[in-house]
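Dock chain B against chain A, hints included.
Protein chains: 2
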Amino acid sequence: MTAVSLVEMAQRTRQAAAKLAVLSTAAKNQAIEAMAQALTAAATDILAANGIDCQQAQADGISLPLYNRLKLDETKLKGAIAGLRDVGQLPDPVGQVHIHRELDQGLVLKRLTCPLGVLGVVFEARPDAVIQIAGLAVKSGNGVILKGGKEAIHSCQEIVRAIRRGLSATTVNPESVQLLTTREEILELLQLDQYVDLVIPRGSNEFVRFVQDHTRIPVLGHADGLCHLYIDESADLPKAVEITVDAKTDYPAACNAIETLLIHRAIAPEVLPEIVAALQERQVELRGDGGVQKIIPMNPATEADWSAEYSDLILSIKLVDSLDMAIAHINTYGSKHTEAIITEDSIAAETFLNFVDAAGVYHNCSTRFADGFRYGFGAEVGISTAKLPPRGPVGLEGLITYKYQMTGQGHLAAPYSGNAAKSFTHRDL
Amino acid sequence: MTAVSLVEMAQRTRQAAAKLAVLSTAAKNQAIEAMAQALTAAATDILAANGIDCQQAQADGISLPLYNRLKLDETKLKGAIAGLRDVGQLPDPVGQVHIHRELDQGLVLKRLTCPLGVLGVVFEARPDAVIQIAGLAVKSGNGVILKGGKEAIHSCQEIVRAIRRGLSATTVNPESVQLLTTREEILELLQLDQYVDLVIPRGSNEFVRFVQDHTRIPVLGHADGLCHLYIDESADLPKAVEITVDAKTDYPAACNAIETLLIHRAIAPEVLPEIVAALQERQVELRGDGGVQKIIPMNPATEADWSAEYSDLILSIKLVDSLDMAIAHINTYGSKHTEAIITEDSIAAETFLNFVDAAGVYHNCSTRFADGFRYGFGAEVGISTAKLPPRGPVGLEGLITYKYQMTGQGHLAAPYSGNAAKSFTHRDL
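Residue numbers (my numbering), protein chains in the order written: chain A, 49 to 477; chain B, 49 to 477.
Since the hints were made in silico from the structure, they are not lab data.
It is possible that some hints are incorrect.
Remember, identical chains collapse to one label, so a pair may be satisfied in a single copy or spanning two.
[Claimed, not checked] Lysine-lysine pairs mimicking BS3-like chemistry, simulated, CA-CA at most 27 Å apart:
| # | residue 1 | residue 2 |
| --- | --- | --- |
| 1 | K342 | K198 |
| 2 | K435 | K451 |
| 3 | K158 | K198 |
| 4 | K342 | K287 |
| 5 | K470 | K287 |
So here's chain A without its partners, still in its complex pose:
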């Protein structure tokens, strides 16, 4: 990579992306295959570069989970390349016609999907993420400016070099995929609203919030994942216990893990002892409100607990007098991510699904299913807790927009208004 200013780089990406935007599905799939082949050919160099990163990271005393994410081996690299080829197999999100309508004779409107333009993706020190993100960008017809965690710098550089080498023999301009290497460039990137159409920050909530606060570019990503499970008075006991354990302990750091358990007061004496036993067996720290403590002594949950995303083996528990109270608590404290009810009462379930305001509302299953792959989207570009679409787990559709194309034969607007106005046919084709 030569030393160019970030603005110049973004401009070049934008130009390359404009051409990439209109390529055929076959051309994009060929480019993805070329990327996969180049990555395979460069495996030795990539693993060597990753070795340097890993050595440095160990010297810096990186934590084991972070080290495991950073570390590449042949199997992991092969898996990432296979995943890239999978992205090639996904349906092309571009060029889909939503509306095809004759407005009047000879005046035809089409609404069709098109790429956003240029994506800015800032992600953790996980070299394999580069491969996945670059593949999603090419498949969706977008240019992409990548910035990975600094611990992965050598790995990311070697991977992007291979990707660009692969693209150079295709119709996709290698300038479509760019890599930033310094932390300072992140803030600069966030200022480039003229050249970057969407920012996707991956990583901690704090980081996502930092990005949201420092850019006018739309941001795809959620800053909070504060999910609840509500055990209704008509809950099936074994389901309640098993789902609570799964939703809390399967992967506590995930945004779709639960932080607060709500239990109907009527069923609490029956359900609490079993749940507490099952969670304590898995080393979950429990914090209960007054009602909970009366049944089973435990640390108290304070007001702050209802707003806490622990992302850890901690769970707050609160008793509620009614379904309505559970819904009100969730709509007050939830982050609109994913909320679940356990009940055998179909009216209660329907009420919960209708009145809880969240991207995902679940009945008798674990909140942990909130995930693009599990939903069958093939790939996930992020999870959005925004109220406006795209909402929830977002597949390739998060990387596209649409435009209205209209073709006439010299049609003027004036004749369609005023006295003796022509009328529209509005006939879907």
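Just chain B now, kept in the frame of chain A:
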């Protein structure tokens, strides 16, 4: 209306909206019919209130176009009530199922549309707008907090009183529709991101920009409408002249009117004299670049003109050497609203439609067609020049979002990962 704080009012609207959100289409349509009947019954009071507003406005020396917008008479009121009934006839945007998928046996995912919650709409001094907006809000299942231009205060109060009276006999809580009456409340409203899900500002570009700069609530509305018409070297001359005149003069204050005309250098000597004559006949002030001035003397267009949205009978004209240069100019200076090419060359047309980055890209027709009613959406809630959807003219779909509903039978996520992971069926139902 009693004196309550804006926060209290917003909370009440939110509670009412939560119930409105889940009403059936029939119930919402009944409410709209009740609104129409109450408005009809209150016609005398509404027109009397409007008389007070008009008298005051005349005393204040309001301009004639603003006065005409403010002024209600029986015909205009009847028209607005008929328009309200038309909204009742539109398809219900809520409850549409986009995705219905079995993830695994007994685990079923649905993505379905739902209301946003509460809308904040700030509009000009046009009393009939209250009727339309309230109708769109009820139809889409949203609560709405309205603020009209201060000149229309008595008219708006009387109209909202009638609407709420009409709703009081239906399943829609009258608190779903609220009216703010002071200018200070606008800024307060913009701070209520906890209670308001979307702000729709109508009015001047300056006002829209002000709203965008003063709220964290998503804003539906465009601050700019800087549209171009490009006359290609293969343009049909009569089409070029007629469309230019229509796109500039049909309604110069509209956001979809053109501000800059680009002409291919090769066709300029032939086309310019006719266009200039036709535009001057309609009192359009013309400003040309060097090339234009060599063919026909006129005032010079400066760099500032390429970024100017005149919203008036003024047009800047620039010669370009190629289609690519036209596209580059548009992608640099355009506001991504609506852009048109006049050409008989289908390759040129396709290139233009593909490479111009705007919500609307048109071939051989006037930019003035960019409008929700003309597109056949039945109603328009605004035009968006944002890159992310909704983009362009937005119908009821701008007032809705979606949620994912999942129903299981005790499904846990853990068995679907790790060794011997269960696989998903991902079968669309």
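27 Å Cα cut-off: does K342 pair with K198 within a copy, between copies, both or neither?
neither (49 Å within a copy, 57 Å between copies)
Measure nothing new, just compare the shortest in-copy and cross-copy C-alpha distances for K435 and K451 to 27 Å and report within, between, both or neither.
Classified as both: same-chain Cα gap 22 Å, cross-chain 9 Å, threshold 27 Å.
At most 27 Å between CA atoms: does that hold for K342 and K287 within a copy, between copies, both, or neither?
Intra 24 Å, inter 82 Å, cutoff 27 Å: intra-copy only.
Between K470 and K287, at a C-alpha cutoff of 27 Å, which is it: within one copy, between copies, both, or neither?
between (63 Å within a copy, 19 Å between copies)
Within, between, both or neither, where K158 and K198 count as close if Cα-Cα is 27 Å or less
neither (45 Å within a copy, 40 Å between copies)
Hint check: violations occur at hints 1 and 3; the rest are consistent with the structure.
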